[in-house]
Structures are given as C-alpha cells and as structure tokens.
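Engineer: Numbering of the sequence shown is given in the working numbering, commencing with residue 1 and proceeding in unit increments.
To be clear, the hints were calculated from the coordinates, so they are not data collected in a lab. Computed from a predicted structure; not experimentally measured. Note that CB positions come from ideal geometry on N, CA and C, so glycine has one too. Among these hints, one or two may not hold up.
[Stated by the list, open to error] DSSO-like mimics (lysine-lysine), calculated; alpha carbons at most 30 Å apart, straight line: (1) K61 to K94; (2) K21 to K61; (3) K61 to K92; (4) K92 to K66; (5) K66 to K94.
[Stated by the list, open to error] Simulated restraints on C-beta separations: (6) G28 to K61: 29 to 35 Å; (7) R98 to G69: 17 to 23 Å; (8) D24 to K61: 18 to 24 Å; (9) P46 to K94: 26 to 32 Å; (10) D22 to I96: 19 to 25 Å; (11) T76 to P27: 30 to 36 Å.
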Amino acid sequence: MLGTAAMAAFAAVAGPTVDAKDIDFSPGRLTVDRGEVVTWRFLDGPFTEHNVRPRGRLRFKGSQAKRAGTHSARFTRPGTYDYVCTIHLGMKGKVIVRQPR
Numbered sequence: 001m002l003g004t005a006a007m008a009a010f011a012a013v014a015g016p017t018v019d020a021k022d023i024d025f026s027p028g029r030l031t032v033d034r035g036e037v038v039t040w041r042f043l044d045g046p047f048t049e050h051n052v053r054p055r056g057r058l059r060f061k062g063s064q065a066k067r068a069g070t071h072s073a074r075f076t077r078p079g080t081y082d083y084v085c086t087i088h089l090g091m092k093g094k095v096i097v098r099q100p101r
C-alpha cells in the first residue's frame, strides 16, 4: 500500500500518465502531441520493481528500476516509441507522438 506522501506525489502529476502495476503498462498504447511529457507511475509498492527502457529506432530517456514513484520523459519528435520493462518479460508499451493540431 502506498503512503500519503506517495499518493500526494501521484496526484500532482499533470499530463498523460502510464501506470506500471503487476506486469502491465496501462494504457499499453498512448498517443500524445509533440512536446508533451509522459509520466510513468510505479504502483506496486515496496516489493516489485519496474523500469522503462526504450526499444526500437526512436529513443527517449528511460528509467532505472524503481519500486515506487514516477519517471517522466518529454517527447519532442513525432513517431512511435516502443518501450519495455526489462524485469518482466512481455511487459511492453508504446507512445505515439503526433504533431499538435
């Protein structure tokens, strides 16, 4: 269970978010405008680690393994960014970045 401080930090996150919980990223596919910041929230608490590692041609700043907290990355180039959790086989997602309308 997350403490009050961790929940307050999650409540302060603005913009698109992806939750890492159990062995799943949710949503698994996220579409954002160029320049937006995506935040991954690690929700499993003190016993399970996750990370965010880019895969494929387009790269972004990934994260180290974390048991709780958040990781954010700004996406400045349009395209499809695939990523995985290297700790959990099959845990993957993608961020699709488009030109702002």
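Engineer: The structure should be examined with respect to each hint, and the outcome stated for every one.
Structural biologist: Results of checking the hints against the structure:
Of the pairs offered as hints, the one joining K61 and K94 holds, with about 14 Å between alpha carbons and a cut-off of 30 Å not exceeded. A C-alpha spacing of about 20 Å is found between K21 and K61, which places the hinted pair at or below 30 Å, so the restraint holds. Between the alpha carbons of K61 and K92 the distance comes to roughly 16 Å, so the proposed pair stays at or under 30 Å and holds. Between K92 and K66 the CA atoms are separated by roughly 16 Å; this keeps the pair inside 30 Å, and the hint holds.
Annotation: proposed proximity of K66 to K94 holds, straight-line Cα distance about 19 Å (limit 30 Å). Distance hint check: the CB atoms of G28 and K61 are about 20 Å apart, inconsistent with the given range 29 to 35 Å. In this structure the supplied range 17 to 23 Å is violated for R98 paired with G69, their Cβ-Cβ distance being about 28 Å. Distance hint check: the CB atoms of D24 and K61 are about 22 Å apart, consistent with the given range 18 to 24 Å.
Range check, P46 to K94: about 28 Å between beta-carbon atoms, so the 26 to 32 Å window is met. A C-beta distance of roughly 23 Å is found between D22 and I96, which places it inside the suggested range of 19 to 25 Å. Roughly 21 Å separates the CB atoms of T76 and P27, a value that falls outside the hinted 30 to 36 Å.
Comparing the model with each earlier hint shows violations of hints 6, 7 and 11; every other hint is respected.
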